[in-house]
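Which chain is which? The protein sequence lines are A, B, C and D, in order.
Just so we're aligned: 239 in my numbering is position 239 of the first sequence, and the numbers increase by one with no gaps anywhere.
Position in the second sequence counted from 1, then plus 244, gives you my numbering.
Position in the third sequence counted from 1, then plus 421, gives you my numbering.
Position in the fourth sequence counted from 1, then plus 807, gives you my numbering.
Don't read these hints as lab results, they were simulated from the structure.
Computed from a prediction, not measured in an experiment: that's the story for all the values here.
Note that the Cβ used here is the ideal one computed from N, Cα and C, for glycine as well.
Just so you know, not all the hints are guaranteed correct.
[Unchecked claim] Every beta carbon over 12 Å from chain C, so not counted as near; a handful from chain B, in silico: (1) L246; (2) V250; (3) R350; (4) M359; (5) G373; (6) R375; (7) L384.
[To be verified] Only some residues are given here: those of chain D computed to face chain A with a beta carbon under 10 Å: (8) R904; (9) G1138; (10) L1139; (11) A1268.
[As the list claims (entries may be wrong)] Rough simulated footprint, nothing fancy, chain A against chain D, three-plus residues with beta-carbon under 8 Å: (12) 1052-1060; (13) 1065-1073; (14) 1166-1174; (15) 1269-1275; (16) 1341-1351.
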Amino acid sequence: MSLQLLQSALEAMLIAPGAVLTALFGALIEALTRVARRRTPWGLPPLRSWSGFAIVYGLVAAAQLSMPLSPLSPTDTNLAVAAMALVLSGWLGWLPSGLIAGARRLLIFQALWLVAVMAPGVFAQSLRPQTVAVLLVGPEQGIKLAAGVLYLICLPFLLGLVGEGAVLPVSARLFLWFPYCGLFVSELLVPAGGGLAGAARFVGLSLLVAALTLALAAGAGLIGAVRRRDSRPAGGRVQTGDRL
Amino acid sequence: MLILEVLAVILAWLGGAAVLLSSGRRGIALGIGAAGLGLGLSEFAAGAGEEAILVLLGALLAAGLRLRDGGRGWGTLGPGSTPGLISALAALLGPLLLAVYLLPGRAEPALLCGMVVTTLGAMSVMATGERQLSLAGAALVAFGVGAMAGPEAAIYGAVGATLVSMLPASAASRPQP
Amino acid sequence: MSALVVGVTWLRWRGHLAGYLLAALALGGWLAAGPGFAVATEQRVMLAALAAVLLLLGLFSPSEPGLGEVLWGGLLGLALVALAVSGPSLTWWSALVLALAAGCAALGADGGFAERLRAPAIGVVMIGSGQMLIAVGGNVGVERVGALALALGLVALAGLVPFGSEITARGPATPASLAWAGFLGPALVLGLVARVLPHLTPDEAEVYSAVLIGLGLVNLFAGVFGAWGSIDPSRMWRFSFIADWGLVLVGLGLLSPAAIGVGYLALLGIVVVRMPLYVWSRRAIATPPQEGLSRTNLLVAAALAGAAPFAGFSVRLLLLQAASSLFWPLAAVLVVAMLCWPAHAFRLARSLGRPDPRTRWGFGLVLAASLALGVVPGLVLSLGGY
Amino acid sequence: MPPALALASPAVLVAGALAVLVARGRIRQVTAATAWLAVLAGVGGWIAEGRVPTDLALLAGQGAGSLNLEMNAVTVTFGLAVLVPAALLFTFQERRRDESMLALWACAAAITSIEAAGIFGTALALGAAATLLMVMMGPQDRVGPRAVWGSQMAAGLLLILAAALLASAAGTSIYSAIPSGALSGATFGLLAGAGLLVSGLVPGRGWPAQVWLSPKLAGGAMTVAVSTPLGLNLLARTYSAGSGSWPSPWFHLTLGLIGTATALAAALRAQAAPQRRICLAEMVPLSAGLALAAIALGTPLGVAAGISAVFATASLAAVLPLLPESNSGLGLLGLAVAAGAPPGLVFGARLLSLEAAFESGTVPALIALVAASAWLLSIAALARCVWLPATDPPRGVPDSRLGSAVGVVLSVAAGVVLGGIESALVVPATALLVRFPAGVLTGGWGLVSTASGEWPALELALPTLVLVALAALLGGPRLGHHGGDSVSPLLGYRLPSGVGALTRARSRLAELGGVFGSGSMGAALGRSQPWLWVVVVVVLAIAVTR
């Protein structure tokens, strides 16, 4: 092993697209949502136990994003690593609550999301995000489109934004926004050049994905609120967590 | 010689049939003796004098041993022995037909005797549930199988018959060989 | 061997007429026909195994009334078998087999003598007839029937399906059924095969082989499934003997030297493993069954089921090898039976109960013998000249 | 002298068993030392040989070649997969004298079955190992050992049949000597079926899960650890027997589906488990199913990934039985390793399998997607498992904190240096089984690189491990117990009561036997009627003369 590689891996995990960028990205999104809910845009979320582990695997996933300027070369990244790391982080976030209702929802949406992440790879016969993004053009774009839609539908649930018993501590979610959104961009959208501009475009597209997710979540939340009003539950212990 | 051979076959058949159709010690002993005599005669007719004497000796020994225990009297042709009679006839006709049609020119009289005695012995063993008759049948089988295999083998058959006949006919606590 | 007969007979039955006669016969036979008597290599091993088993039973059996009688009888039987298989001709063998069968059927005071004698006697009849038909011959059909009679005679002699005596007995087995299937039968059959095979023409051998293989399969399946479906341990043991004999018949029927070697190996297995275990099971069967199995029982179950590294496994291995080189569907059918085989082995092992310390040594020796047969079958085969 | 090195490892084990017999106390130490010495002997012998394949003829004479032993990368690889977990279990689990001895013997037989050059030898040693393991597990357990033994014996017989067919068709049953094209579909089916039986790879509840639940975990765990790699070894050796390929492409598909179905079914059972141990019991079959799916791909990378997955399975078989059944840090770490958290060995092997499947075509990749969902389900099951009550009644052997720590460290370390393991062991082994072009699997000690993806294990592992340690310091894993609804299954899947199903099956079998034995058929067979004899003779006489 070369020290240089180790250094680049450390950079990838801790700075960009790792901890620093991820935290900034997540903070921005979270602040926006707080503003939308007419609260002050700042204020640190409480650090829950187990959030730390979820965050670590979020960072492992973040390191696998094929963002321009990433210290790890795009060929070194791997869809499956990112996907399984995010799956793990989801369960690590679930763990303290121990609620089965949330676990069922998490399981189902993770399964769907896994299909959305892997399916384009099946047809491109590769697990490198860039290869998948580049190879599937033309008539095979349909697969990417379908996968993208499925991906977006799953995101609000995976990030714990909507749904009964969907739980993801905010402190963990802060670090998961960018990996989830960035993976979408890495895999499904054709990269356009490197350099700072490319990186900015990557982050911008990720922000777009996040915005779409928020919109979807808001829509789903509205529908959910209506349905809840219609059939009020007869009590019972349901932990809702922080939600929009 | 021909008369001797015919006599041998008839004696062997009569002796075997007597065993098959008897239930007393005398009838059975007589049957074994007669069958042995028939076999001996057939050997003698075939020119094997020493073997003939030995076979006869064995038959007498076996008959004598059978005479010592088991059901008393003759017991020949008791009630319900019609199937036995028919079987005995079949035991003569079967080997005869076999010898004439399937083994033309190859069946010696001694062989025929052996076949008849073996068949009757087998029938006795198969039909009976009694120890005495079963032992006698086994002795006949030993004689017959020996006779079928040749003059020298006939002696072995006689030895076997004698050995079998040593067993007591009652299930008393006499030691087994 | 003849000296042994003389000695045994003299010692045991001095007071009886039969004793004198037997002693005289053995002495006479030894003196007169001495040169004609020869024990084949495989028979030496078999006779040694029989003697060893007798010794084993004598040393390690739990003491019970009548044991001495049975052992003396066994010794005499061994001597007579030696006399039979070393004799000069098939007829000599037949004559002594009849005597042995009659003596064996007379063991035990209960009735049923005639039923027990029936199968061996008919076996002798058929073997004699077959021998005669083949010797006189002259006609393909007659010769084939002769070969058929020889094969059927072998099966009847061993008391197997469809010639076996009725298996309905409940409770401990009689010494008679023990002695024939597990002690005398194997050596006698081996002697028969050695005397019959060299005289068969290829055409006759084909018939002989087909009948033996067919009836071997019948016995194998009857034994395996019969034991599987039995509840009474004694019945189960008898069926297990039949299953073992089924393997023997298939091996002997395959006719290649290797396959006959398998038959010999399987017969040795019956004598050395199944037979002593069966003898020891008789006492346990009489007592109510125990819950659970000890470690010894598990090992015995494995040995009885033909698991590697015990004797049964090498037999199966070599038999399948031989069978598939002849006709592979035969091997497939054999595998089916062998797969169902272990179903009853554990229940057989449980029927042995918890052995007392002395018998446990016996179990150990039997397992060791089984291990030897299973691990170095090549050595045992070469000892037997295969 | 050198070829005899193939015997070194079994010989050490047998000698150790004898030493256990005479040892005064300290049985665990002697046993453990023996096992580790056998590991060293196996690897050392191979290295001393110059890492070239060698054969050892045990017997001379015609047909004896099928009982030869051989030593090459394949045998060393699978030998390690058997011996290292066994050695860990020996080191950290207490056993009685007789159990230790039998287990050592079973290990020796298992190694012999792996080293056997021919199918006959494999069958023989396999049966011996199965018998020894059954006796070792002892009579207390009434169901598990029989299930293992029965399936292993069946496998042995299938193997013999396959060997006999091969010997008559191709003239040899030595794996490497079978001419190309001589392995027919039927023979292959027998071999593969035997492999599946030995490893308990059936979608239903196979024996590994059953013996794991036996009253004494020590025996069950040893059996699983020793037997599971043996079946996978057999399946891998089928490539050697078929000169690098299987007789029909359908076999790849079928066995891949069987492996995936096994994994999926195990995961389904695990997520519905009412107790922690029942959940953990399904992890080894799950992992073995995934290994089978990878081996069945048939591509060079697939086989390599499969062999790596065998290592992963072995690591689970060693770690899980030692794991404390509490939510302590160590217990949770063990669960994470079992769930396949990067950078563990389980993760690396499964990632490699995914890559191999993606490379080999659309259909295998779709199957791999199902396999990935089984993996996902197992992660969920293990997360749920945290909230499950501990085993009731308590298992017979106390868990070992030190042991599970060592196991977890070994497993993670093996995952970190996966690239080294691949290049040193897996690639040479694969090259003996299938044609292995250069460049399919490259990388250094810490990097595994294939055409479809990259796994810089070492580079990512160190930061990940540091961060995990940091997270553990910050927010320690404080998980209380709460009596929530966590015992209900995640998915609406009812776990059939294993014991009940088995009892039912047994009674059904007994009924089946009854039809043969006590019914009319048995009566006809057992009864002898003179007229029947006559009929048989006459019928046969007519038959042979026609």
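Any of the earlier hints contradicted here, and which numbers?
-> Structure breaks hints 3, 4, 5, 6, 7, 8, 9, 12, 13 and 16.
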